[in-house]
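Peer 1: Sequence:
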Amino acid sequence: MAPSSSRHGKFRPALMTFVKSNNAQAAQATISSAIKAYRANIPSYLELHQDEHANASQMALDILTKLRGIGTATASLLLSVHDPLRVIFFSDEAYWWLCCGGRKDVTIRYNAKEYQLLCEKAAALARRLGGETQMVDVEKAAYVAMRAPGQAAETGEDHRMEKIKKMKKKTKGEECTTDAKTGDAEKPPKTEALPDESKDSAKRKAAQEKQVDEATGLRRSKRRKQPAKR
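Take the sequence shown: its letters are residues 266 to 495, numbered as in the working numbering.
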């Protein structure tokens, strides 16, 4: 999880050293405790209550961040893997896209206050899109919008909604068979026409075969007309 978190922000070469220094059994117990605290403090695991579960998320993050090398961002990633429906990963791209108007020059401090703001913005957007919207879809849309090569990130509300709708379709495995630029349906590949030389060669071969057939038929006809020998 930690390498995945670091790829979404500043390069931190010492991060993995701290993470690996945690005792394996202690780390497992800490993660288990955080998940239990999260489950115990949300209204219903199967229902969507973006605002009401904020305290539960923070309680879980407080436990996870006790591990060495695990900050708010990595802790949110661990929790989002457990509940991708309601927990958004605190990635740079998501924070820039939802909280900074797409500005990448804003310094992120990765504290609880910033994560709370990110959760509020993501929850508001999810409510507008409908109950099927997952936080993982919002995070993916933010990543694509902020990482798009050769163009400035678009951050308008309509653009955000369109991006997330596309991510939801991609998550469900829907495939598009229309041309991305024209909107026309894809056409089957055309069969390449034979060159003129190939056509002439085919004609000559057919003529030769016809001549052979005619000659064979003529020989058979002559044999039938000859009187039988005694």
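Everything labelled a hint here was simulated from the structure, so no lab data went into it.
Accuracy of the hints is not assured; some may be wrong.
[What the hints assert, rightly or not] Okay, the calculated beta carbon distance ranges per label pair:
#, residue 1, residue 2, range
1, Pro278, Ala305, 16 to 26 Å
2, Lys430, Lys468, 21 to 31 Å
3, Lys431, Leu382, 37 to 47 Å
4, Arg304, Lys331, 34 to 44 Å
5, Pro414, Ala294, 36 to 46 Å
6, Ser298, Lys431, 17 to 27 Å
7, Asn306, Val346, 34 to 44 Å
8, Ala467, Glu397, 51 to 61 Å
9, Pro414, Cys365, 37 to 47 Å
10, Ala289, Arg393, 39 to 49 Å
11, Lys331, Ala279, 40 to 50 Å
Glycine is no exception: its CB is placed at the ideal position from the N, C-alpha and C atoms.
Peer 1: Next step is simple, just say for each hint if it's right about the structure.
Peer 2: Verification of the supplied hints:
Roughly 37 Å separates the CB atoms of proline 278 and alanine 305, a value that falls outside the hinted 16 to 26 Å. Between lysine 430 and lysine 468 the Cβ separation comes to about 57 Å, which falls outside the hinted range of 21 to 31 Å. Taken as a hint, the range 37 to 47 Å is violated for the pair lysine 431 and leucine 382, whose Cβ atoms sit roughly 25 Å apart. Here the CB-CB span from arginine 304 to lysine 331 is close to 18 Å, at odds with the stated 34 to 44 Å.
The hint said 36 to 46 Å for the Cβ distance between proline 414 and alanine 294, and at roughly 43 Å that hint holds. Hint check: serine 298 to lysine 431, Cβ distance near 37 Å, so the stated range 17 to 27 Å is violated. As the Cβ distance of asparagine 306 to valine 346 is approximately 18 Å, the hint placing it in 34 to 44 Å is violated. Range check, alanine 467 to glutamate 397: Cβ separation about 59 Å, and the 51 to 61 Å hint holds.
In this structure the hint that proline 414 and cysteine 365 lie 37 to 47 Å apart at CB is violated, the actual value being about 20 Å. Taking the beta carbon of each, alanine 289 and arginine 393 are about 42 Å apart, inside 39 to 49 Å as hinted. At roughly 18 Å, the beta carbons of lysine 331 and alanine 279 sit outside the given window of 40 to 50 Å.
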